[in-house]
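Following the hints, position chain E with the ligands against chain B.
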Amino acid sequence: MPLLKTPAITLKSRKWGEADRIVTFYTLRFGKLRGVARGARRIKSRFGSALEPFVQCDLNLFEKPNDTLHRVSQADIKETFPALREDLALMAGAARMANLVTAITPDADPAPKIFDTLVQGFRSLNEGHEPALTTLLFQIKLLGLTGFRPQTDHCAACGKDTQTLGAGSTGRFSALAGGLVCDPCVHRRSDRYLFLSPGSLAFLQQALRMTPEVLNRLKASGQVRSELELAIEAYVTCVAGKRLPPVDFLASC
Amino acid sequence: MAMDQQGLLARLIRELVRLPGIGQKTAQRLAFHILKTEQEEALRLADAIHAVKDGLTFCRQCRNIAEGDLCEFCLDPKRDSTKILVVEEPSTLYAIERSGGFRGLYHVLLGTLSPLDGVGPSDIRAQELADRLKAGGVQEVILATNPTIEGEATAIYLTRLIKPFGVKVSRIAYGIPVGMDIEYADEVTLIKSLEGRRDL
Ligand SMILES: [Zn+2]
Ligand SMILES: [Zn+2]
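Protein sequence lines correspond, in order, to chains B and E.
Be aware that the first sequence starts at 0, since it is given in numbering that gives the first Met the number 0, and climbs by one per residue.
Be aware that the second sequence starts at 0, since it is given in numbering that gives the first Met the number 0, and climbs by one per residue.
Only chain B is shown next, with the shape it has when bound in the complex (with noise of 0.2 Å):
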């Protein structure tokens, strides 16, 4: 049983048999991985908080051959978020960011730059960005780094680089094709479009191609905000194949 040692991430833990939880992790040197943690429940558990959603560790694993689910042996607290125990809408924030790396990425396919931009997007959150603008900033991100980027200078449908998508034009964005979509394939198809004002365009352009460091410089508000939400929600909904938690879930309880 070969041992795999990588900086991880919680994205979920979940209850299994009397005392032991199955976790699932993004790793640094190994992408999304699930592992089951002997006795994690316990008092005296060896693991401690370590896997706990949202937090940091440095992982030991054994793979199994044959199995996707490792065995973890040691798990270190490498980095805590501590607001993110301690304000729902924070706490919303980043669950939604951590439902969206489990539902979009692969098994076992190592992506540094995912792993960094999740360690970013709990950073910005932990430190009081403002929790909505922060995870819409993170989507957007993930979608860019998973091949799920939305398209915004080639129409969706048909790739022909259209005029019309050009500066200072409202596109029209649809979900199902994941992304702008020109006049005549607009015409064609059947799709729900969601307008994207010029600004909102930019914005977004703008955000796919930020790195994580300095993505919460961005700010949006009214029009841009709104308009990005509508169509970001849509088009995670789409991906990930089922309507994840709401990300103002809890924030209003």
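Worth flagging that the hints you see were computed from the coordinates, not collected in a lab.
No false leads were mixed into what you were given.
The list that follows gives simulated cross-link-like pairs (lysine-lysine, DSBU-like), each with its CA atoms no further than 30 Å apart:
| hint | chain 1 | residue 1 | chain 2 | residue 2 |
| --- | --- | --- | --- | --- |
| 1 | B | 63 | E | 24 |
| 2 | E | 191 | B | 77 |
| 3 | E | 24 | B | 14 |
| 4 | B | 63 | B | 4 |
Between beta-carbon pairs, the in silico distance windows are:
| hint | chain 1 | residue 1 | chain 2 | residue 2 | range |
| --- | --- | --- | --- | --- | --- |
| 5 | B | 18 | E | 133 | 32 to 42 Å |
| 6 | B | 212 | E | 69 | 54 to 64 Å |
| 7 | B | 85 | E | 71 | 29 to 39 Å |
| 8 | E | 46 | B | 237 | 45 to 55 Å |
| 9 | B | 115 | E | 16 | 34 to 44 Å |
| 10 | B | 148 | E | 199 | 50 to 60 Å |
| 11 | B | 238 | E | 109 | 32 to 42 Å |
To list a few chain B residues with every Cβ distance to chain E over 10 Å, as calculated:
| hint | residue |
| --- | --- |
| 12 | 1 |
| 13 | 33 |
| 14 | 57 |
| 15 | 70 |
| 16 | 118 |
| 17 | 147 |
| 18 | 150 |
| 19 | 175 |
| 20 | 210 |
| 21 | 229 |
| 22 | 239 |
Note that beta-carbon positions come from the ideal geometry of N, C-alpha and C, so glycine has one too.
Quick look at chain E with the ligands alone, frame taken from chain B:
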């Protein structure tokens, strides 16, 4: 006939798989075990399930397991009804009861909020707790939800729910397990045990 027999076994496996912590393989093992055991022994299990479902319900007041309308604690006049201790599941209640450290009443949520799974306040017995506070007579609510992300979310929500009633809210302290060396505690546990320190 053979098809029919397979259908019956498959039905048992399907039912077993629905139990928490039981996967397909375990369910198959259990089903074959039941198939092989003596008639009388296997039916004792079925009887026990029957008896539990016929004889037990959830207490009207605290949602603990009860044989009648109210559970043994809500019926006991010697319990201190000014204090309510809130737990996620009945199993936690019985662990606290075994310790003998609490003489008040309980409230069982039968679940937790979960931001990751989208479980909200209407999915747990939170409103029932508010109703008990509205009825008056309660001076302190002690939250004993687990120190997990779900338990934290639930405690934050309940604190907000309870505060307007002007009732004292506290959370059980968590930190270093008894018998453990402090140097082996992880940093989240250490922070929590420092926060939960008390005057001597
Ligand atoms: Zn087109
Ligand atoms: Zn009761």
